[in-house]
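2 protein chains.
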Amino acid sequence: MKKEHNTAVVGLGSMGYGMALSCVRAGHKTYGYDVSPEPMRRLQNEGGQGEKLFEIISTIDAVMVVVLNARQTEDVLFGTHGIVAQMRKGSVIVACATMPPDFARDMEERCSMFGVFYLDAPISGGSIKAAAGQLSIMASGTSEAFAAASAVLNATAETIFKIGKTAGPGSAMKAVNQLLAGVHIATMAEALTFGMTQGVAPEMFLEVISKCAGSSWMLENRAPHIVSGDYSPHSQVNIWPKDLGIVLDIARAANLGTPLAAAALKQFEEAVEMGLGGEDDSAVAKVYAHNAGLSLPGEIL
Amino acid sequence: MKKEHNTAVVGLGSMGYGMALSCVRAGHKTYGYDVSPEPMRRLQNEGGQGEKLFEIISTIDAVMVVVLNARQTEDVLFGTHGIVAQMRKGSVIVACATMPPDFARDMEERCSMFGVFYLDAPISGGSIKAAAGQLSIMASGTSEAFAAASAVLNATAETIFKIGKTAGPGSAMKAVNQLLAGVHIATMAEALTFGMTQGVAPEMFLEVISKCAGSSWMLENRAPHIVSGDYSPHSQVNIWPKDLGIVLDIARAANLGTPLAAAALKQFEEAVEMGLGGEDDSAVAKVYAHNAGLSLPGEIL
Chain A
49 MKKEHNTAVV GLGSMGYGMA LSCVRAGHKT YGYDVSPEPM RRLQNEGGQG EKLFEIISTI
109 DAVMVVVLNA RQTEDVLFGT HGIVAQMRKG SVIVACATMP PDFARDMEER CSMFGVFYLD
169 APISGGSIKA AAGQLSIMAS GTSEAFAAAS AVLNATAETI FKIGKTAGPG SAMKAVNQLL
229 AGVHIATMAE ALTFGMTQGV APEMFLEVIS KCAGSSWMLE NRAPHIVSGD YSPHSQVNIW
289 PKDLGIVLDI ARAANLGTPL AAAALKQFEE AVEMGLGGED DSAVAKVYAH NAGLSLPGEI
349 L
Chain B
49 MKKEHNTAVV GLGSMGYGMA LSCVRAGHKT YGYDVSPEPM RRLQNEGGQG EKLFEIISTI
109 DAVMVVVLNA RQTEDVLFGT HGIVAQMRKG SVIVACATMP PDFARDMEER CSMFGVFYLD
169 APISGGSIKA AAGQLSIMAS GTSEAFAAAS AVLNATAETI FKIGKTAGPG SAMKAVNQLL
229 AGVHIATMAE ALTFGMTQGV APEMFLEVIS KCAGSSWMLE NRAPHIVSGD YSPHSQVNIW
289 PKDLGIVLDI ARAANLGTPL AAAALKQFEE AVEMGLGGED DSAVAKVYAH NAGLSLPGEI
349 L
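First to last, the sequence lines map onto chains A and B.
Using my numbering, read the first sequence as starting at 49 and increasing by one per residue.
Using my numbering, read the second sequence as starting at 49 and increasing by one per residue.
Treat the hints with care, as some may be off.
The list treats identical chains as interchangeable, and a pair is accepted whether it falls inside one copy or across any two copies.
Keeping only pairs whose Cα atoms sit at most 30 Å apart, straight-line, the calculated BS3-like set for lysine-lysine is [what the hints assert, rightly or not]:
1) Lys100 / Lys210
2) Lys100 / Lys137
3) Lys314 / Lys100
4) Lys213 / Lys259
5) Lys51 / Lys210
In case anyone wonders, no lab produced these hints; they're calculated from the structure.
Please take these sequences and the hints and turn them into a complete structure.
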């Protein structure tokens, strides 16, 4: 009989919760933890385990850490709860937050002192794909870390990119992806409002441009939110000052100028200042519309 | 018997030449004109007509004007050769250059004084699709202009977007597309070189990102040129200071800030200053690489 797999997911936001569900569905004994009790109760109702994670942490095979950033990741691993010191030798941390590559390397090294493997495993795909077990994971780490993480990777990902043999390259590729994704969202908003000033309606913009050379994955995914005037957050504006900030920090340290990432960051920061941080990131269009006196679909100025 | 269609193509660059070939293939009697005699000879060898266009202009049903910009378009229509005054009533100008919407409206009005229809018909798709008769055309104009242009549209386009009922919206949509396309090319270059500073090789960048949320039509089309180190021009760097300049002019007049288009324009202008104007537009990556001391594939610093 195949040994049961004990999985933990720390951080039950829209991504982490979906990933935990995917693990339940794959037959793992799945423990969730979040600062808010509500998603923990919800997960338990959907087949998750009831015990408190930090009391049974030594029985866990793989912990997916799906928190906001590097600082929170470090806090889970070595801070308040300090789970790594209590984990069994040969178990694995699968770190999914976007963070600087150097930070990921540091986490890997500190885990190795406890005999715990570390997979640098940023995720991409959004909450719907997380719940469907169809994420893209850009992973790097030792072959032992990949082997120890294989059950949770298979449960949560459709595509697993093996980017490198130590922690670092996975986070680097995620930063590259976020640079592009963030700039593409802001550019979509810029082009959509630019079209409006010339009498091109948002629906027409979406219909034509999505079939032309100006299209992007983000345009096809986010422009419909603006067309329908629905800014309920799939991915929040708040993500971008954080992720583009990481990009700019890394780029500055490498002496690379990134003027487009810098320009996009400014637009998202302005959106946060306008009180739009909790809205869908397509709400960056409101920055453009507000500055030019345009009225977006469903919006009253 | 169906009446023979007499088509003229003014401007036999890589786009216009391919479009003229598509008209020959569709059975049109096709006349070409260019400031350089070489493509005119070449077109004649491939089935084009031998007579001088400006001597038989009154026999032409549709003139596709595939020149660089608004100024050249005006020159063809009302300047040196002043073809519109000599064209028969009910024939049509199909204007394919990227230009400001207001300028297109002005051209339409001036053509109408001579009983000549005007279709505002910017093109998208590149030289390979032009030669295959598979362009996307973002057209706007009266139903009479569309009817008069139907034979040349069918010969050259796979997709015809009917954007509006007067000249203007077609050019506006093209400007929207160029804003996105130009920013996406520069962003691809920024992200690719950013990845290189973090140990992500250009091949790995292309392989992973083209399957992730950071992808764009331009990334998938242009990044392979950088990976292979081949900058023979499909579309030149020189296009972008012109087209993004048009975008910024229109946006400024509409009081819309376009910081991403402005940032991309600067990168292309720097590429031109580095002497890269005649290279493929993916060569904007050399601006980033040069500034950061990186060596791109096939390049020796």
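Hint check:
1. Lys100 / Lys210: neither (33 Å within a copy, 61 Å between copies)
2. Lys100 / Lys137: This pair counts as within: shortest intra-copy Cα distance 21 Å, inter-copy 84 Å.
3. Lys314 / Lys100: Neither, since 42 Å and 55 Å both go past 30 Å.
4. Lys213 / Lys259: This pair counts as between: shortest inter-copy Cα distance 21 Å, intra-copy 38 Å.
5. Lys51 / Lys210: Within. Shortest intra-copy distance 26 Å satisfies the 30 Å Cα cut-off; inter-copy 62 Å does not.
In the structure shown, a violation is registered for the earlier hints numbered 1, 3, in ascending order.
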